[in-house]
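Residue numbers (this note's numbering), protein chains in the order written: chain B, 8 to 106; chain Y, 11 to 652; chain E, 19 to 190.
These are computed hints drawn from the structure, not numbers from a lab.
Predicted, not measured: the structure shown is a model, and the values here were computed from it.
Treat each hint with caution, since some may be false.
To be verified - Taking CB as the label site, the calculated pair distances span:
{"#": "1", "chain 1": "E", "residue 1": "Met93", "chain 2": "Y", "residue 2": "Ser616", "range": "42 to 52 Å"}
{"#": "2", "chain 1": "Y", "residue 1": "Gly615", "chain 2": "E", "residue 2": "Trp27", "range": "51 to 61 Å"}
{"#": "3", "chain 1": "E", "residue 1": "Val174", "chain 2": "B", "residue 2": "His59", "range": "31 to 41 Å"}
{"#": "4", "chain 1": "E", "residue 1": "Asn45", "chain 2": "Y", "residue 2": "Val605", "range": "54 to 64 Å"}
{"#": "5", "chain 1": "Y", "residue 1": "Lys620", "chain 2": "B", "residue 2": "Ile71", "range": "35 to 45 Å"}
{"#": "6", "chain 1": "B", "residue 1": "Phe70", "chain 2": "E", "residue 2": "Asn45", "range": "29 to 39 Å"}
{"#": "7", "chain 1": "Y", "residue 1": "Gly609", "chain 2": "E", "residue 2": "Leu89", "range": "51 to 61 Å"}
{"#": "8", "chain 1": "Y", "residue 1": "Gly615", "chain 2": "E", "residue 2": "Asn45", "range": "35 to 45 Å"}
{"#": "9", "chain 1": "Y", "residue 1": "Gly615", "chain 2": "E", "residue 2": "His22", "range": "57 to 67 Å"}
{"#": "10", "chain 1": "B", "residue 1": "Ile71", "chain 2": "Y", "residue 2": "Val605", "range": "54 to 64 Å"}
{"#": "11", "chain 1": "E", "residue 1": "Met93", "chain 2": "B", "residue 2": "His59", "range": "55 to 65 Å"}
{"#": "12", "chain 1": "Y", "residue 1": "Val595", "chain 2": "E", "residue 2": "Ser126", "range": "20 to 30 Å"}
{"#": "13", "chain 1": "E", "residue 1": "Arg181", "chain 2": "Y", "residue 2": "Val605", "range": "25 to 35 Å"}
{"#": "14", "chain 1": "B", "residue 1": "Arg91", "chain 2": "E", "residue 2": "Val174", "range": "42 to 52 Å"}
Each residue gets a CB set at the ideal place from its N, CA and C atoms; glycine is no exception.
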Amino acid sequence: MPIQSYLFLSFSLFAIGVMGVLMRRNAIVIFMCIELMLNAVNLLLVAFSKLHGDAGAQVFVFFIMVVAAAEVAVGLAIIVMMFRKVNSVDINILNRLKN
Amino acid sequence: MTQLVYLIPLFPLIGFLLNGLFWKSMPKKLAGIIGSVAILASFCVALGIFFEVKSGGVPDKGIVHIFNFISVGKFSVPFAFLVDQLSAMFLLIITGIGFLIHLYSTAYMHDDAGYTKYFAYLNLFVFFMLLLVLGANYVVMFIGWEGVGLASYLLIGFWYKNKEYTNASKKAFIMNRIGDLGFLVGLMLTIYNFGTASYHEFFGQLSGGIGTMTDTGYMIGTGMTNAIAICFFIGAMGKSAQIPLYTWLPDAMAGPTPVSALIHAATMVTAGIYMIARSNALFNLAPMAQNMIAIIGLATVLLAASIAIKQNDIKKVLAYSTVSQLGYMFLALGVGAYVGSLFHVMTHAFFKALLFLGSGSVIHAMSGEQDMRKMGGLGKHMPITKFTFLIGCLAIAGLPGFSGFFSKDEILAAAYAKNPMYYYFALLGALMTAYYMFRAYFYTFSGSFRGTEAQKHHLHESPAAMTIPLIILAVLSVIGGYVGLPEVIGEHLNVGHLLNEYLSPVVQNFDVHHLSHSTEWTLMAVATALIVIMIIIAKAVTKKEQFKEATGLAKVLENKWYIDEVYDFLIVKPMAWIAKILNNVIELKGIDAGVNGVGQLVQWGSTRLKNLQSGQVGSYLFAMVIGIIIIFAIGIFGLFYA
Amino acid sequence: MNIHDIIFWILSLWAIVCAIFVVVSRNPVNSVLFLIATFFAISGHYILMNAQFLAIVNIIVYAGAIMVLFLFVIMLMNLNTDTEPQKSRLVHFAALISAGSLLLVILSAFRYANLTQVPITDAGDIGLIKVLGKTLFEHYVLPFELSSVLFLAAMVGAMVIGRKEVVEEKTK
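Bound conformation, chain B alone (with noise of 0.2 Å):
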């Protein structure tokens, strides 16, 4: 496949995944949405590797993924603790950073 049809398709999860972080008031519907923005990336990247030939890339995505789980957990123990104070996890709610 040529190598614009990747781009296409990891732009469109791209901009399905910034479609939900700016639709979605669940919290925890927003990180999966930023997961997903994440794994679009991966996609494109790995495309990349392949049309340069480059094994850099592939080493690249392996580590967007060790950071991204590591981000997850520290990220959900946030909305645990926040759900804890608040009870509720809509972003309406958590507005602590107001001002």
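Chain B is already provided as a structure; the job is to place chains Y and E on it using the hints.
Chains Y and E alone, transformed into the frame defined by chain B:
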């Protein structure tokens, strides 16, 4: 000795600084001594300089250079003093009479709380006046000009707690200012056309007469000379209280009486005459200006004298008398009799200061009462004051033998020579002068006392510090005239007109026709006879005076021809209205609104911007995405590189 | 149109449809499940490109561990459709527009890019685990070690954040 001329203004300046800076800690006696001694020292130096000038031993044409004041390109104004016959004469008058008045003030102002401040201001005034007459160019004169206006303001409003007094001082200052504008315009015209402000250079360029070229390449024409002369005269109008800028002088009587004597009789108001006499070379080439001066002077004589006839405050009578006599001096200048005018300046300084100080003595004895209707019969209680006051009245009326006779007669003769109509009006003015002065004298010193019992008990002769100056001035009022003997008398005694000879290198009468001797005798005799008649009339009127309510013409005169009211209506009210509009519309609604509006705009903006940090994560995310889109768009479509 | 292309199109369609359902579904549990389906599609793409290692790692790590974690948390909080808050219509619309603009802007970048039409269907060696391992441990050892430190930090952070406040209980 001429080189020491800078000492003359320096002593009063030091006196001002000492009294002014240390007024809180200075003991009263010391303040008076410092003030008076400063002037006395200046007088001694002035005396030395006078003798040197008289004997003709003045180096460098009398110019003493102090420092370079302004220096722009080819135009330079040095701060320099000019010592010649004219300035030496004025120096003597200013420091001499100034000293006598300082001496008088030590007793007169004895009980006042602002004693030290008073002497500081007086010394400041003398300092500026000395600068005025000593300057070698118009700029230094202008410094002194402005300075005496300032000192006059400070001294008129000396008792500043009274609102009327401060209004009077403001009025004086503002009217002076209007005149100063004329002076400045004249000065600038001079600098523009002649490239210099210095007397010698200016007069040197003028000596070629109409039609020659100035140093800066302009042709001297009557238009130019008339314009400059009239502008200078406007300055003199303000300073020397001529029509229309004279109304400040009667109001200036709000100040202490010695101040009135010094400033408004002997020195400041003569500054205008000094300036015109100094610039006689210019005025000789400006016939239109000369006519204007003569006519305005004459009109002032008559107007002021008519008002003085009906005044009840003794100081106001003297004030209008001053305005009237100044009119005489300007009349003399206008017909070209510069020496006559200066002669009258000198004699007027003597007898007017005497009259003012005498009235101060009366007011002091009457515990502050100034209304003549409450006085009467004071001659019994204050003989010295009465006697000296009488001498002053005789001098100002112009009775033969007294100084006023010689100077006034010279002016009247010159006026007759120019135009007999001038003479008739001037004579009328002299008759009115005699009448109102003797009316004042008889009201105050003759008849029976009309005041309260409390005042009666307080009546006493003034202390020596006040009477000695009175006596000295009285003597001068008598003998001061003999330096200016007219030809008709002098040729019999083989004595020339001393003043004329003294001043001739600097100031000469211009275009004054000589009258035949018989004409002069006739004029003198007629004047004298009429004046004596007026004195008798005055005595008769004051004996019978009932002090009724004034009606008709008398009422108009008493109210100063309502000129103040006219000024108020025509000028003051519109200006106040304009100021109110400027304040309400432009200041409040325009500028304030603008400045406040900026503040309000910032507040409104920050209130809006505050919502950016709402804490809503959703909006943050939105902002992020929008930002990324914009950055990509710019980067991709190269919007920044366009 | 060979079999390769057909499989590509099927997988792409599957990925996009599931992604849209992730975003749209109201029940968060449904969102999780659809996301797992999306990951499967993406792994399919990896295999199509002969990136075998990554495909398997994707399934194990993402679909297996991370999504399970998500599921745990959702169950913990007992979220279902009726507790799910919804944003307003306007916001939905705006989100759609923004995402669409982002897509368009990025895609338009490739007007200026010279991309060869080289198909990448050939199965190279790169995705093989042997080659990947060699690259990883020869050139990228330091990041590898650091990633372990990263994990340590993440674990410690998660534990610290998630700890219950002991002090408050004592004062009660």
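Are Val174 (chain E) and His59 (chain B) spaced within 31 to 41 Å by their CB atoms? holds (38 Å)
Does the Cβ pair Asn45 (chain E), Val605 (chain Y) satisfy 54 to 64 Å? Check passed, 60 Å falls within 54 to 64 Å.
Kindly confirm whether 29 to 39 Å is satisfied by the beta carbon distance between Phe70 (chain B) and Asn45 (chain E). holds (33 Å)
How does the Cβ-Cβ distance of Met93 (chain E) and His59 (chain B) compare with 55 to 65 Å: does it lie in that range? Hint violated: Cβ distance 43 Å, outside 55 to 65 Å.
Check the following: the C-beta atoms of Met93 (chain E) and Ser616 (chain Y) are separated by a distance inside 42 to 52 Å. Hint holds: Cβ distance 45 Å, inside 42 to 52 Å.
Note whether the CB distance of Gly609 (chain Y) and Leu89 (chain E) lies within 51 to 61 Å or breaks it. holds (56 Å)
Just to be sure I understand the hint, the distance between the Cβ atoms of Ile71 (chain B) and Val605 (chain Y) should be within 54 to 64 Å; is that true here? Holds - the Cβ-Cβ distance for Ile71 (chain B) and Val605 (chain Y), about 57 Å, lies within 54 to 64 Å.
Do Val595 (chain Y) and Ser126 (chain E) keep their Cβ atoms within the hinted range of 20 to 30 Å? violated (57 Å)
Hint check for Asn45 (chain E) and Gly615 (chain Y) - Cβ pair distance inside 35 to 45 Å: holds (44 Å)
Status of the given 35 to 45 Å range, CB of Ile71 (chain B) versus CB of Lys620 (chain Y): holds (38 Å)
Do the Cβ positions of Arg181 (chain E) and Val605 (chain Y) conform to the proposed distance bound of 25 to 35 Å? Given a distance of about 57 Å, which is not inside 25 to 35 Å, the answer is violated.
Can you tell me whether the CB distance of Gly615 (chain Y) to Trp27 (chain E) sits inside 51 to 61 Å? The hint (51 to 61 Å, Cβ to Cβ) holds, given that Gly615 (chain Y) and Trp27 (chain E) are roughly 53 Å apart.
Hint compliance for this structure: hints 11, 12, 13, 14 are broken, all remaining hints hold.
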